[in-house]
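Asks: In case you want the letters, here they are:
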Amino acid sequence: MIKSLSLTKILRYCAIVRSIRYFESSSQSSTFSPESSTNSIPQQLPLIVSRQLEYPHIRYPSLQAWLETLGQKRDEKLGIVDLHPSIWQTSPRLDILYENIEWQKTYKTIDWAYTPPHHEYPNMRAKPWPQKGTGRARHKSRYGPQWKGGYKVNGPKGPTSFFYVLPKEKRIEGLCAALTVKLHQNDVHFVDSFDLPTHQPTYLQELSEDRFWGPSILFVDDTDIMPHNIMFACAKTEGFTLMPVYGLNVYSILKHTTLVLTIRALNKIEKKLLHALHSYDTQKDQPPPPPDEP
Amino acid sequence: MSLVLRNIIRRCPWTIINKGSLRFWSSNGQFPSHPMGTEEYENQPRKSITELPDELTEHGIKPKFISGYETTKDGWEWVDNILFKSKIPEPPNHPTSSGWIPPNPILARQWPYFVDRDRFHSYALYVRILPVMLEYWLHEQHRYYLNIFRRRVEYDIYAQRTRRFSLLELISGDIWALDHDLKNYLTKRVELTNDKSKELPILSQVDEIKQHILIDGEYEEWVADFLKEKGF
Chain L
1 MIKSLSLTKI
11 LRYCAIVRSI
21 RYFESSSQSS
31 TFSPESSTNS
41 IPQQLPLIVS
51 RQLEYPHIRY
61 PSLQAWLETL
71 GQKRDEKLGI
81 VDLHPSIWQT
91 SPRLDILYEN
101 IEWQKTYKTI
111 DWAYTPPHHE
121 YPNMRAKPWP
131 QKGTGRARHK
141 SRYGPQWKGG
151 YKVNGPKGPT
161 SFFYVLPKEK
171 RIEGLCAALT
181 VKLHQNDVHF
191 VDSFDLPTHQ
201 PTYLQELSED
211 RFWGPSILFV
221 DDTDIMPHNI
231 MFACAKTEGF
241 TLMPVYGLNV
251 YSILKHTTLV
261 LTIRALNKIE
271 KKLLHALHSY
281 DTQKDQPPPP
291 PDEP
Chain Y
1001 MSLVLRNIIR
1011 RCPWTIINKG
1021 SLRFWSSNGQ
1031 FPSHPMGTEE
1041 YENQPRKSIT
1051 ELPDELTEHG
1061 IKPKFISGYE
1071 TTKDGWEWVD
1081 NILFKSKIPE
1091 PPNHPTSSGW
1101 IPPNPILARQ
1111 WPYFVDRDRF
1121 HSYALYVRIL
1131 PVMLEYWLHE
1141 QHRYYLNIFR
1151 RRVEYDIYAQ
1161 RTRRFSLLEL
1171 ISGDIWALDH
1181 DLKNYLTKRV
1191 ELTNDKSKEL
1201 PILSQVDEIK
1211 QHILIDGEYE
1221 EWVADFLKEK
1231 GF
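Sequence order for the protein chains is L and Y.
Note that the numbering used here numbers the first sequence so that position 91 is 91, with each residue one more than the last.
Plus 1000 on top of the position in the second sequence (first one is 1) and you've got the numbering used here.
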């Protein structure tokens, strides 16, 4: 049971916007699957949505966050979600976040600068004026490096790529650090699903304004096929982006002010990250490639 | 798998997929590309070398006699021990004969700091080595250094050895309290020995962003004893 919380306090609190609170959980009282609470909001609120966490931490118990809905404008909480401390309570490693962001920026860049060398210039043999007699400096050709419009000796040559792959452990640690930073700054919200009642973008905009969900929101679902309503609303709104779990990256998490995750996305993220954090060899431990793709 | 196939699989009932009435063509046009790996192929009874045709054996030589053998499924554990596994097994809850001690969560909760174990359930203690340039001139032999941070470096230069540090990682909580306790413990431990390094101070560097402590000197065993005392 939740300490120091009664039903009246909860109903009063639901009217307050921007609410995340973390309690130390002593025991899980009721087991309720989150899938059943998608379409209908049951009478008995709040529900404790208990999740079995793998690799429990020795020292820190699981964190807790509210479970909200997008199905209605009124900010009613459906329940409480448990979060794993290894992902959501790590140290905010600024150096690792910096490395991840720099990697994401530079590994795609190609420098197209090219200065042609002397053998690609025309007519190098022609002497502009005789060696002696004229009062001018002695020159061999009109295209020397000291001339205007002349060749460059050690200039940039051709497209250079800045491709490199950051080690997998750093990328994993970067994701965990970004998620902790977002959570502890009250910018993460957990939602049962992305089913909206209307396709009007004003619905989602007004909902996010009422709940103070920042100008830019990153909606994350477990698959890349989203319901039509949210797809239409996000396409018409500047700053709202839809993303599947496999597209999650440190740059996007930190660029958008708020992060909205579904329960299914949270399950997938935690499963993948915990497996990576506790695996024997991250380089060898790859999922088998699908037969269709190379 | 491609998006199209993933959708088909999602929307089809499982009976159709299992019966195989839907065939998914791969990019090279063959399905499956090789029977190896399918259940029918793998579950066939294996042939012995004597039954194979001449072309498949080496140099056309077939062994005419093979000693009798017996197939058993016992002893799989000896094979399983050698195979690569991505999952790290859980350690026992008691100290082992190799000297490994499990963490004590009740004792570990008392302190304002916490040192976690790595994924292999060992301490995050590492050695860091730096090369030392010989800056040892005759006319500088009788220098006297008031700066305590330089004394250890000069001692290492005099002894002509590399600089060695011990690094402790995976720290959470009050790092400065841990640093203070560590230094006290190490100074006490050093006084018990008859080492010349007693005269030198125990210096440490605390990095709050990376959450680690770097100690000047090779004190790894003593730091491990300190962690065992605290129950980490």
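It is possible that part of the hints are untrue.
[What the hints assert, rightly or not] Taking lysine-lysine and the DSBU-like style, the derived pairs with C-alpha atoms no more than 30 Å apart in a straight line are:
hint, chain 1, residue 1, chain 2, residue 2
1, L, Lys77, L, Lys284
2, L, Lys284, Y, Lys1188
3, L, Lys284, Y, Lys1073
4, L, Lys268, Y, Lys1183
5, L, Lys236, L, Lys182
6, Y, Lys1228, L, Lys170
7, Y, Lys1228, Y, Lys1188
8, L, Lys77, L, Lys255
9, L, Lys105, L, Lys182
10, L, Lys170, Y, Lys1087
11, Y, Lys1073, L, Lys168
12, L, Lys268, Y, Lys1188
13, Y, Lys1210, L, Lys255
14, Y, Lys1188, L, Lys168
Bear in mind the hints are in silico, worked out from the structure with no lab data behind them.
Just so it is clear, the structure is predicted and the values come from calculations on it, not from any experiment.
Asks: Each of the hints needs a verdict: does it hold here or not?
Replies: To see whether the hints hold, each was checked on the structure:
A C-alpha spacing of about 42 Å is found between Lys77/L and Lys284/L, which places the hinted pair above 30 Å, so the restraint is violated. With a C-alpha separation of about 45 Å, the suggested pair Lys284/L and Lys1188/Y falls outside the 30 Å cut-off, and the hint is violated. A distance of roughly 28 Å separates the Cα atoms of Lys284/L and Lys1073/Y; the hinted pair therefore holds under the 30 Å criterion. Taking the CA atoms of Lys268/L and Lys1183/Y, the gap is about 43 Å. The hint is violated against a cut of 30 Å.
For the proposed pair Lys236/L and Lys182/L, the alpha carbon gap of about 25 Å is at most 30 Å, so the pair holds. Of the supplied pair hints, the one linking Lys1228/Y and Lys170/L holds, its CA atoms being roughly 29 Å apart against a limit of 30 Å. Pair hint Lys1228/Y plus Lys1188/Y holds up; C-alpha atoms about 16 Å apart against a cutoff of 30 Å. Taken as a hint, the Lys77/L and Lys255/L pair is honoured in the structure, with Cα atoms around 26 Å apart against an allowance of 30 Å.
Our distance criterion of 30 Å between C-alpha atoms is met by Lys105/L and Lys182/L, whose separation comes to about 21 Å. Using a Cα cut-off of 30 Å, the hinted pair Lys170/L and Lys1087/Y holds, with the two alpha carbons roughly 20 Å apart. Under the criterion of a C-alpha separation no larger than 30 Å, the hint pairing Lys1073/Y with Lys168/L is inconsistent with the structure, at around 39 Å. For the proposed pair Lys268/L and Lys1188/Y, the alpha carbon gap of about 49 Å is over 30 Å, so the pair is violated.
A distance of roughly 23 Å separates the Cα atoms of Lys1210/Y and Lys255/L; the hinted pair therefore holds under the 30 Å criterion. For a cut-off of 30 Å, the pair hint linking Lys1188/Y to Lys168/L is broken: about 41 Å separates their Cα positions.
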